[in-house]
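Chains as they are written, first to last, in our numbering: chain A, 1 to 175; chain B, 1001 to 1175; chain C, 2001 to 2241.
Any given hint might turn out to be false.
Stated by the list, open to error - Once the Cα atoms are required to be at most 20 Å apart in a straight line, the calculated EDC-like pairs of lysine to aspartate or glutamate come out as:
1) A/Lys151 with B/Glu1127
2) A/Lys81 with B/Glu1127
3) B/Lys1081 with A/Asp111
4) B/Lys1081 with A/Glu16
5) B/Lys1005 with A/Glu16
6) A/Lys81 with B/Glu1016
7) A/Lys5 with B/Glu1022
8) B/Lys1137 with B/Asp1160
9) C/Lys2103 with A/Asp111
10) A/Lys171 with C/Glu2057
11) A/Lys171 with C/Glu2090
12) A/Lys159 with A/Asp111
13) B/Lys1005 with A/Glu72
14) A/Lys159 with C/Glu2097
15) A/Lys107 with C/Glu2097
16) B/Lys1151 with A/Asp34
17) B/Lys1151 with A/Glu16
18) A/Lys151 with C/Asp2115
19) C/Lys2069 with C/Glu2093
20) A/Lys171 with A/Asp138
21) C/Lys2069 with C/Glu2057
22) A/Lys151 with C/Asp2027
23) A/Lys81 with B/Glu1026
24) A/Lys81 with B/Glu1072
25) C/Lys2103 with C/Glu2084
26) A/Lys171 with C/Glu2025
27) B/Lys1081 with A/Glu72
28) A/Lys81 with C/Asp2115
29) A/Lys81 with C/Glu2112
It should be emphasised that the hints constitute simulated quantities derived from the structure, not laboratory data.
If you want the building blocks of each chain, they are given just below.
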Amino acid sequence: MNENKAIIEGLIFAAESPLTVERIVEILREREIDRREVAMCLQELTAAHEERQGGFLLREIAGGYQFRTRPELAVWIARMKAGRPAAFTAAALETLAIVAYRQPVVKAEVDRLRGVDAGRPLRTLLERGLIRILGRKDVPGKPMIYGTTRKFLEVFGLKDLAELPTLGEFKDLAE
Amino acid sequence: MNENKAIIEGLIFAAESPLTVERIVEILREREIDRREVAMCLQELTAAHEERQGGFLLREIAGGYQFRTRPELAVWIARMKAGRPAAFTAAALETLAIVAYRQPVVKAEVDRLRGVDAGRPLRTLLERGLIRILGRKDVPGKPMIYGTTRKFLEVFGLKDLAELPTLGEFKDLAE
Amino acid sequence: MDYEVKLDVFEGPLDLLLHLIKKNELDIYDIPIALITRQYLEYLEALKALNLDLAGEYLVLAATLVHIKSKMLLPETTDEGEEEPDPRRELVEQLLEYQAFKKASQSLQTRELLDRDVFARGGAAVTEALPQATPQRVEVGLFELVDAFRQALGRLSPPERIEIDLDRTSLADRINAIMERLRRHRSLTFAELIEERPERRLIVHTFIALLELVRQRLIRIFQEGSFGTIRVFLAVEEEHE
C-alpha cells in the first residue's frame, strides 16, 4: 500500500470520531497532499475494504470517515458486548424524524405534527445527545428551537442531513 | 475472506481490550469453532495485515489480540491526537494566548496587543472552537467580546482558566 | 372490534385514526366520516372502560371528528352557489403529514444503527511504539511551555512560591546563558536549564527568556510524546537535521 494511504488508514483507525478530509489534509500538511489526493486515497481504501470482506468497512459518516463493523456481524458483536443499547421508542423516533426534517423547529410544531405532547420524547432525545437546542425563537414566550446533532448523524450512519430520503418520498403512497 | 475469520476480525476490532482465544471460542460457541481453528484464523489474519502494509496491524498483547496502528505512523497519529501546535500558526497561538489571558476581550484590544490585525486568527480560532463570542460590548459599534471555550481547556489539558499562570507573574519580572 | 391493542401502541390520536383508516381499508382522501367517527368514539369508550388514562389530545380529536361530521350534513353549497371547502380537508392534510413523518421514523429505524447493527472501534486506539527508537518529538507551542513553567513552579517549596522576587537580574544575561549552553550541548531539557538553582527567580527568568527566544525563532522546543520532557534546540541546528 502506498504510504499516504497507509497513514490515512492509520489516522482514521486511531481517531475517536469520524475524520474529515480537511483534518487529514491539515495533519499531513508536511507531506503536501491535497484534498483531491486524500479523497482518492479514501475512495481506494473504501473499495479495498469492501473487497476484503473482512470484519469492518470504511464508511462516510457525519462528514468524515470511520471504520465500522460489517452489519452482518452484528449478532456476534452484540453477544460480546455487555448490555444492549437502549432501543428507541416509537414516540422518540417520530419526534426525532420531525426534528430532523423540520429543523430548526419549535416544540409547538412537533406537538402539532404528532397530534400529542412531545415534551417527554424531546427531553429523552436531548439527554441522549441526538438533538440540541439551537436557540430561542423571537416570538412571545421565546420558545426553544431544536435541531439534530452530529451524534445523530453518527448513530444513524448518515453522511449528512441531505442523505435522508426526502419527505415527499413518504408522502405519496397512501398504502 | 471466510466467515469465521471475518467475524473474528470484527470482534477484535470492536472489543474494548485485547481479545483472548478463549473468549472468541466462547462467543462463537454456536459456530462450533475450536481453539485450534481460532488460533489458525488469528495467524492468518495477522499475516494478512502484515502483508497489506496498511495503517494497522493485528498484534498479540497481554494474552489476547488487538489491532494497533503501525509503529511507523506514530508521528502522524501523535500529531492528530495532540490536535495542536504543529497545526497552529504563530499568529493563532499569540491571539489565543491574548484571549485566554485578557478575556472577556474585544478584537480592538487583541489588535492593539499584537500590533497587527487579528481578524484572521480570531476567525480561525472561532472555527476551531477554541474561542467563542461571549456577547457584544455596549459601546459604539457594539464590538464582539471573545473568550475561550471548554474545548480550549481540553486541548491544552487545563483543569480551568485559573491553571494558567497569572500574567503578573511574568510582567513584574519582565520590565 | 378488537380491543386487544393497548393504547400505548398508538403514538397519539392521529396514529389511532390512521390505524382505523387502514384497518377498514378506507381511502384517506375520501374518509367516510360518520363511520370513522363512530369507530373512533367506540375505541375511546373501550379504553375508558379499561380505566386507561386518555391524553387530552384524544378527546380533542374526537370533538374535531364530531364537528366535521355535523358540517358534512349541511348542504354542499352556500346561497351564492360557491363550493364550500371540504370540511375534512384540514384533517386529511394533517393525517398525510403525520403519516409521512411516521414513515420517515420507520425508515430511520431501518438504517444501520451504531451499537445495534454496526460498531465502531472499541476502546482507545493503541499506537505501537517503534522499538528502541528515539521518542517521537512533537514541536510544541507557547502553552506547553506555560504548562512546563507551571509545573516547575509547582515543584517549589511553598515559602519560596509566596516570596516575590524583584531582583532585576537582566533577562539578556539569561538569554545569553541559555544560548551559550545550547551551543555547547545540542539540546537541553527545561529541567536541565534550571537545575543549577531551581528557585523561582531563575525559573521565571528562564521561562521569559525562552519565550523571547521562541518568538525570535532562535530556538525550537519539542516535547517527547504527548506528556514527555520538553526539550530545547537551537533553531539553526535543527534545520540541519
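Here is how each hint holds up against the structure:
no.: 1; hint: A/Lys151 with B/Glu1127; verdict: holds, 19 Å
no.: 2; hint: A/Lys81 with B/Glu1127; verdict: violated, 37 Å
no.: 3; hint: B/Lys1081 with A/Asp111; verdict: violated, 43 Å
no.: 4; hint: B/Lys1081 with A/Glu16; verdict: holds, 9 Å
no.: 5; hint: B/Lys1005 with A/Glu16; verdict: violated, 25 Å
no.: 6; hint: A/Lys81 with B/Glu1016; verdict: holds, 9 Å
no.: 7; hint: A/Lys5 with B/Glu1022; verdict: violated, 34 Å
no.: 8; hint: B/Lys1137 with B/Asp1160; verdict: violated, 24 Å
no.: 9; hint: C/Lys2103 with A/Asp111; verdict: holds, 17 Å
no.: 10; hint: A/Lys171 with C/Glu2057; verdict: violated, 24 Å
no.: 11; hint: A/Lys171 with C/Glu2090; verdict: holds, 16 Å
no.: 12; hint: A/Lys159 with A/Asp111; verdict: violated, 28 Å
no.: 13; hint: B/Lys1005 with A/Glu72; verdict: holds, 13 Å
no.: 14; hint: A/Lys159 with C/Glu2097; verdict: violated, 25 Å
no.: 15; hint: A/Lys107 with C/Glu2097; verdict: holds, 16 Å
no.: 16; hint: B/Lys1151 with A/Asp34; verdict: violated, 27 Å
no.: 17; hint: B/Lys1151 with A/Glu16; verdict: holds, 15 Å
no.: 18; hint: A/Lys151 with C/Asp2115; verdict: holds, 13 Å
no.: 19; hint: C/Lys2069 with C/Glu2093; verdict: holds, 17 Å
no.: 20; hint: A/Lys171 with A/Asp138; verdict: violated, 31 Å
no.: 21; hint: C/Lys2069 with C/Glu2057; verdict: holds, 18 Å
no.: 22; hint: A/Lys151 with C/Asp2027; verdict: violated, 39 Å
no.: 23; hint: A/Lys81 with B/Glu1026; verdict: holds, 13 Å
no.: 24; hint: A/Lys81 with B/Glu1072; verdict: violated, 31 Å
no.: 25; hint: C/Lys2103 with C/Glu2084; verdict: violated, 32 Å
no.: 26; hint: A/Lys171 with C/Glu2025; verdict: holds, 18 Å
no.: 27; hint: B/Lys1081 with A/Glu72; verdict: violated, 31 Å
no.: 28; hint: A/Lys81 with C/Asp2115; verdict: holds, 9 Å
no.: 29; hint: A/Lys81 with C/Glu2112; verdict: holds, 17 Å
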